[in-house]
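Peer 1: Sequence:
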Amino acid sequence: MAQAPRDQNRVTTILGASNADGSTPVIIYASPTTHRLFVDAIFGANGTIGDGQKLVTTHGTAVKLSASSVPCLKVTIQALLTNTGSIAVGASDVAANGTIKGIVLFAGSSITLTISDLTSIYIDSTVDGEGVSYLYET
Numbered sequence: 003m004a005q006a007p008r009d010q011n012r013v014t015t016i017l018g019a020s021n022a023d024g025s026t027p028v029i030i031y032a033s034p035t036t037h038r039l040f041v042d043a044i045f046g047a048n049g050t051i052g053d054g055q056k057l058v059t060t061h062g063t064a065v066k067l068s069a070s071s072v073p074c075l076k077v078t079i080q081a082l083l084t085n086t087g088s089i090a091v092g093a094s095d096v097a098a099n100g101t102i103k104g105i106v107l108f109a110g111s112s113i114t115l116t117i118s119d120l121t122s123i124y125i126d127s128t129v130d131g132e133g134v135s136y137l138y139e140t
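Per this note's numbering, the very first residue in the sequence shown carries number 3; after that it's consecutive.
What the hints contain is simulated information worked out from the structure, not anything from laboratory work.
These numbers come from a predicted model, not from an experiment.
C-beta: ideal position from N, C-alpha, C; glycine also.
It is possible that part of the hints are untrue.
Said to hold, decoys possible - Below, computed lysine-lysine pairings styled on DSSO-like, alpha-carbon distance capped at 30 Å:
1) K56 / K103
2) K76 / K103
3) K76 / K56
4) K76 / K66
5) K56 / K66
6) K103 / K66
To be verified - Cβ pair distances, simulated, as ranges:
7) I51 / Y31: 58 to 64 Å
8) I29 / K66: 20 to 26 Å
9) G131 / K76: 36 to 42 Å
10) L57 / T26: 51 to 57 Å
Sequences are here, hints too, so could you generate the full structure?
Peer 2: Right, dumping it as structure tokens:
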């Protein structure tokens, strides 16, 4: 690989090698704020996505996002665009009314969670029959 160039302070910069031939130098980028490297990552070579929708029949009642086990890496949950009230997302004691527990979503708003199974997530609503749609990655 070619020698890494030096900046104006004569400090060696970091270069990477292209995955095309293993020797062509390529620039590595980092965040100027956090100094973390920017990386493109693929989660699992056989990763797939799935989706679904869940409604809360009776507001004030915590409902599992999925009744059966669905192993996953992460899930994005979005309050339905037609909702008129709010949705709380959280653990089994989630509550959308009174002493609110969990994260509150309004129509169209969303949250992404890193989670191992969809059965760990519960939702509650302030209005009967409202809910969420979700997209998960396995």
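Peer 1: Which numbered hints does this structure break?
Peer 2: Hint check: 7, 8 and 9 fail, others pass.
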